[in-house]
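Undergrad: Sequence:
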Amino acid sequence: MSLSVGIVGLPNVGKSTLFNTLLKRQIADTAPYPFTTIKPHTGVVEVLDKKLEKLKEIAGGKNAKMVPATVEFVDIAGLVENAHQGEGLGNEFLGQIRNVDAIVHVIREFEDDSVPHVMGGVDAKRDKAIIELELEMAEIKKPMLEWVNRKKTDFEKVDELIKRAYELLDLITFYTIKGGEEIRAWSLKKGSSVIEAAEKVHTDFAKNFIKVEVIGVDELITIGGWSKARSAGKIRLEGRDYVVKNLDVVEFKVGR
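The sequence shown lines up with residues 33 to 288 when you count with the numbering used here.
Calculated directly from the structure, the hints in this document are not laboratory data.
Hints should not be assumed to be uniformly reliable.
Pair ranges (Cβ atoms, derived) [said to hold, decoys possible]: (1) R262 - V286: 16 to 22 Å; (2) G223 - K83: 18 to 24 Å; (3) K174 - R268: 34 to 40 Å; (4) G265 - D191: 34 to 40 Å; (5) N240 - K189: 42 to 48 Å; (6) M98 - E164: 25 to 31 Å.
Quick list of in silico lysine-lysine cross-link-like pairs, BS3-like style, CA-CA up to 30 Å [to be verified]: (7) K174 - K189; (8) K221 - K83; (9) K210 - K183; (10) K88 - K56; (11) K56 - K266; (12) K94 - K83; (13) K285 - K183; (14) K160 - K285; (15) K195 - K160; (16) K82 - K94; (17) K97 - K82; (18) K210 - K221; (19) K173 - K189; (20) K174 - K285; (21) K243 - K189; (22) K56 - K189; (23) K83 - K266; (24) K239 - K222; (25) K83 - K97; (26) K285 - K173; (27) K210 - K174; (28) K183 - K173; (29) K243 - K277; (30) K210 - K195; (31) K222 - K183; (32) K83 - K260; (33) K173 - K88; (34) K189 - K221; (35) K56 - K239; (36) K173 - K83; (37) K210 - K239.
If you're wondering where the values come from, they're calculated on a predicted model, not measured in any experiment.
The C-beta atom is built at its ideal place from N, Cα and C for all residues, glycine as well.
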């Protein structure tokens, strides 16, 4: 099951604009009116990964495909004061928040007469308290990070937000190299076993698992490739009880 991050906040704080910036394409209705976004939009966003790019350089062929890890974001319509009592379709929107695993709370600090504030004026401290109270009254307890929106389009640091969301979900990254043709980063819950990692790659890998070859990505990059690392005795063999570490490069050995 994929983990997801819900983008929440009052109406007209910039949630859908942030969402569209994350996706780098316009797919959500962002008109400046409360309740514009009725159904939650979901998008899968790539995690910027320079190690993956380096890995492709040393392990991939000329036309190798590079597949980054991802984070799933859900654009949830704006909550209003007393949402937990059903105000402004509050019950529906709170229900959508219950379906995500973590929250990005967008807090507005920008002034713009063309984008009216639902509370009549900008007050970040008040807005923060309203959303926190609504979540508390609805008994929604999730990992949460705050994203302060100081300008209507203040989203230049989206890569930082994606990284923070990834960490908020308690995810690590491991890598696979498929015949030099596909270099891929996979997300995995911290503390997961190698069998759980194998299942993400292919269910048969988990079923027919024999062992796994492992090396840290930084060490592999420094050595200059898998065959060189093997010759240098740097590839480790691990069994089914191995707990995958962040930035492991793995190759599964499976039976038939």
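Undergrad: So, for every hint listed, does it hold in this structure?
TA: Hint check results:
| no. | hint | result |
| --- | --- | --- |
| 1 | R262 - V286: 16 to 22 Å | holds (18 Å) |
| 2 | G223 - K83: 18 to 24 Å | holds (21 Å) |
| 3 | K174 - R268: 34 to 40 Å | holds (36 Å) |
| 4 | G265 - D191: 34 to 40 Å | holds (37 Å) |
| 5 | N240 - K189: 42 to 48 Å | holds (44 Å) |
| 6 | M98 - E164: 25 to 31 Å | violated (40 Å) |
| 7 | K174 - K189 | holds (23 Å) |
| 8 | K221 - K83 | holds (19 Å) |
| 9 | K210 - K183 | violated (43 Å) |
| 10 | K88 - K56 | holds (24 Å) |
| 11 | K56 - K266 | violated (40 Å) |
| 12 | K94 - K83 | holds (18 Å) |
| 13 | K285 - K183 | violated (51 Å) |
| 14 | K160 - K285 | violated (50 Å) |
| 15 | K195 - K160 | holds (22 Å) |
| 16 | K82 - K94 | holds (18 Å) |
| 17 | K97 - K82 | holds (15 Å) |
| 18 | K210 - K221 | holds (22 Å) |
| 19 | K173 - K189 | holds (26 Å) |
| 20 | K174 - K285 | violated (38 Å) |
| 21 | K243 - K189 | violated (40 Å) |
| 22 | K56 - K189 | holds (13 Å) |
| 23 | K83 - K266 | holds (19 Å) |
| 24 | K239 - K222 | holds (21 Å) |
| 25 | K83 - K97 | holds (15 Å) |
| 26 | K285 - K173 | violated (40 Å) |
| 27 | K210 - K174 | violated (36 Å) |
| 28 | K183 - K173 | holds (29 Å) |
| 29 | K243 - K277 | holds (16 Å) |
| 30 | K210 - K195 | holds (25 Å) |
| 31 | K222 - K183 | violated (35 Å) |
| 32 | K83 - K260 | holds (18 Å) |
| 33 | K173 - K88 | violated (40 Å) |
| 34 | K189 - K221 | holds (25 Å) |
| 35 | K56 - K239 | violated (38 Å) |
| 36 | K173 - K83 | violated (34 Å) |
| 37 | K210 - K239 | holds (19 Å) |
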